[in-house]
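Spelled out, the chains give:
Protein chains: 4
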Amino acid sequence: MERRLQISIIGGASCDEPTAAKAEEVGFLLAQAGAVLVCGGRTGVMESACRGAEKAGGTCVGILMGYDDAEANPHVDIRIPTGLGVARNAIVVASGRAVIAIDGYYGTLSEIALALKIGRPVVTLGSWLLPPPPGGKQTADPLHHAHSPREAVEMALRLARKSPEVA
Amino acid sequence: MERRLQISIIGGASCDEPTAAKAEEVGFLLAQAGAVLVCGGRTGVMESACRGAEKAGGTCVGILMGYDDAEANPHVDIRIPTGLGVARNAIVVASGRAVIAIDGYYGTLSEIALALKIGRPVVTLGSWLLPPPPGGKQTADPLHHAHSPREAVEMALRLARKSPEVA
Amino acid sequence: MERRLQISIIGGASCDEPTAAKAEEVGFLLAQAGAVLVCGGRTGVMESACRGAEKAGGTCVGILMGYDDAEANPHVDIRIPTGLGVARNAIVVASGRAVIAIDGYYGTLSEIALALKIGRPVVTLGSWLLPPPPGGKQTADPLHHAHSPREAVEMALRLARKSPEVA
Amino acid sequence: MERRLQISIIGGASCDEPTAAKAEEVGFLLAQAGAVLVCGGRTGVMESACRGAEKAGGTCVGILMGYDDAEANPHVDIRIPTGLGVARNAIVVASGRAVIAIDGYYGTLSEIALALKIGRPVVTLGSWLLPPPPGGKQTADPLHHAHSPREAVEMALRLARKSPEVA
Numbered sequence: 034m035e036r037r038l039q040i041s042i043i044g045g046a047s048c049d050e051p052t053a054a055k056a057e058e059v060g061f062l063l064a065q066a067g068a069v070l071v072c073g074g075r076t077g078v079m080e081s082a083c084r085g086a087e088k089a090g091g092t093c094v095g096i097l098m099g100y101d102d103a104e105a106n107p108h109v110d111i112r113i114p115t116g117l118g119v120a121r122n123a124i125v126v127a128s129g130r131a132v133i134a135i136d137g138y139y140g141t142l143s144e145i146a147l148a149l150k151i152g153r154p155v156v157t158l159g160s161w162l163l164p165p166p167p168g169g170k171q172t173a174d175p176l177h178h179a180h181s182p183r184e185a186v187e188m189a190l191r192l193a194r195k196s197p198e199v200a
Numbered sequence: 034m035e036r037r038l039q040i041s042i043i044g045g046a047s048c049d050e051p052t053a054a055k056a057e058e059v060g061f062l063l064a065q066a067g068a069v070l071v072c073g074g075r076t077g078v079m080e081s082a083c084r085g086a087e088k089a090g091g092t093c094v095g096i097l098m099g100y101d102d103a104e105a106n107p108h109v110d111i112r113i114p115t116g117l118g119v120a121r122n123a124i125v126v127a128s129g130r131a132v133i134a135i136d137g138y139y140g141t142l143s144e145i146a147l148a149l150k151i152g153r154p155v156v157t158l159g160s161w162l163l164p165p166p167p168g169g170k171q172t173a174d175p176l177h178h179a180h181s182p183r184e185a186v187e188m189a190l191r192l193a194r195k196s197p198e199v200a
Numbered sequence: 034m035e036r037r038l039q040i041s042i043i044g045g046a047s048c049d050e051p052t053a054a055k056a057e058e059v060g061f062l063l064a065q066a067g068a069v070l071v072c073g074g075r076t077g078v079m080e081s082a083c084r085g086a087e088k089a090g091g092t093c094v095g096i097l098m099g100y101d102d103a104e105a106n107p108h109v110d111i112r113i114p115t116g117l118g119v120a121r122n123a124i125v126v127a128s129g130r131a132v133i134a135i136d137g138y139y140g141t142l143s144e145i146a147l148a149l150k151i152g153r154p155v156v157t158l159g160s161w162l163l164p165p166p167p168g169g170k171q172t173a174d175p176l177h178h179a180h181s182p183r184e185a186v187e188m189a190l191r192l193a194r195k196s197p198e199v200a
Numbered sequence: 034m035e036r037r038l039q040i041s042i043i044g045g046a047s048c049d050e051p052t053a054a055k056a057e058e059v060g061f062l063l064a065q066a067g068a069v070l071v072c073g074g075r076t077g078v079m080e081s082a083c084r085g086a087e088k089a090g091g092t093c094v095g096i097l098m099g100y101d102d103a104e105a106n107p108h109v110d111i112r113i114p115t116g117l118g119v120a121r122n123a124i125v126v127a128s129g130r131a132v133i134a135i136d137g138y139y140g141t142l143s144e145i146a147l148a149l150k151i152g153r154p155v156v157t158l159g160s161w162l163l164p165p166p167p168g169g170k171q172t173a174d175p176l177h178h179a180h181s182p183r184e185a186v187e188m189a190l191r192l193a194r195k196s197p198e199v200a
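Protein sequence lines, in the order shown, are assigned to chains A, B, C and D.
Taking the numbering used here as reference, the numbering of the first sequence is continuous, increasing by one, and the terminal residue is 200.
Taking the numbering used here as reference, the numbering of the second sequence is continuous, increasing by one, and the terminal residue is 200.
Taking the numbering used here as reference, the numbering of the third sequence is continuous, increasing by one, and the terminal residue is 200.
Taking the numbering used here as reference, the numbering of the fourth sequence is continuous, increasing by one, and the terminal residue is 200.
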């Protein structure tokens, strides 16, 4: 069996309309390219991305915070009710071979940091910028900055294909 | 979108040949009925059930213990590398609207108990029997005992459809 | 620094009076022997054991299900609000070098099974009995049965001292 | 029983000597003030902070990534082997009524973000600075910046005493 690439989308549970449109396009293009979309399964950026993926006939996995399937937005196909609260953020990013961050707030920032910690490449589309780490420990920006949904998807797919099987 | 039912299969990471055959038939029948199979994604009962589901064109989700996708058996479509160790057992059972237990050992026993704790119905096919709880607190057996793969799948689907959306 | 042994106590969030008295005596004797008591931090067996430990001047750690410190019973010194729901059961048993099970229900059964899965010795005092695993895979009872609080504490301390540092 | 305040210390598993000295002083002052120190239990900033707390006769709790007690540095009193990998970061910050961040890298950044997400006040001492969230969603800096170990401890204790019991 040839497995489909899994790409994680992270972003806020609420967002403005232009951000929602970008997230929907990202989801659509990912699904069109044959990738499985993994996210936190909720509203906002997550729901818009799932809506886009559904329009392209794709598969969406929602890694939920509670035990309640109904927490998932209506475009999620596979619902994983973890019951772990915010600790589930680590699973959201671990489940993608690459991560696309769109807008977001502290939850999204935690996911970006967890992804970098466990070695998942992170593409940002209008999301957090990272200052240099404290103590001058590093200078190269670890994030891949995209300027359009299409560029974000292309970057993520390219990085995911290069990404090792093992975290 | 009409969502497919998710059914969890639990059982040992190693098993004998007759058990593997039963697990494969359970996976095949579940997929044939349109259900998504969720399991721990590893070898033994899990791998056999996934092989059966794949033969019927179904979808298998593997909730893995580590961060390494390669931990998944080759029949898993959607890989969720949790990094949680045995704590992921709670997620395996929470992710099914009903649970089918086949054979197994202490990990499987923990999953049966966690499923009962959070209110997921459990069908057993040659798996653990439960003695009465200590202190004589209850008399009715909480498990649903099936005697064939077909009966296990029918029981699980019936229980899953009656099971509330919310845990 | 010489570290104090950590012993986990598991049991139901509600219990009858004779069970509460046994749990309190177990907690008292453990603390008197210098052990740190780890539990789920809630009511019932957990609260009684913590009360006993407090009377002997001991230390109690509560591994809580939610994020709310107030979930802990008033005798818990160190509160670990995990937010993990029932997945925290794995941490409760992993945090003791040995486990004492008193009475309980499905949550307790899951903890007994998880302890055996990760190799923690389990002493029972009026708790679950285990039938043989399915398929006749084993005959020796993996549990250590005590008949009094004093015997439970002596067994747990002896097993904990023999238990390897590494799980 | 009057409970001692729990304060979480976060920071890198390796650090330079001046940072280690600062972390040790923070641990010492926290313990002197009667607080319990919670951290990830490992090397670097964590070990230095625990060493300081031990010198002042304090109590250190280590929330470990694996199942192996031996992962803890030698100054940890209470060892919680979670087996959760980086998902344990959420528990580290949830277990303090306030958090002090010293230096660090992506793991520390994830902990800062998780703390803000669940509402724990964060004091920084030479750790990450946060840019404004994407989309101009907020302007006030959510972090409390200290310029010395003494100021960090005073800030954390003051914030912890004002912090609600419930997350």
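Take these hints with a grain of salt, some might be off.
Note that the list lumps identical chains together, so a pair holds whenever it fits in one copy or between two copies.
[Unchecked claim] Taking lysine to aspartate or glutamate pairs in the EDC-like style, the calculated list, with each CA pair at most 20 Å apart, reads:
(1) K195 / E104
(2) K195 / E50
(3) K150 / D101
(4) K195 / E58
(5) K170 / E184
(6) K150 / D174
By construction, these hints were calculated from the structure, which means they are not laboratory data.
Requested in this report: Please name the hints from earlier in the document that this structure breaks, with their numbers sorted from lowest to highest.
Outcome: Hints 2, 4, 5 not satisfied by this model.
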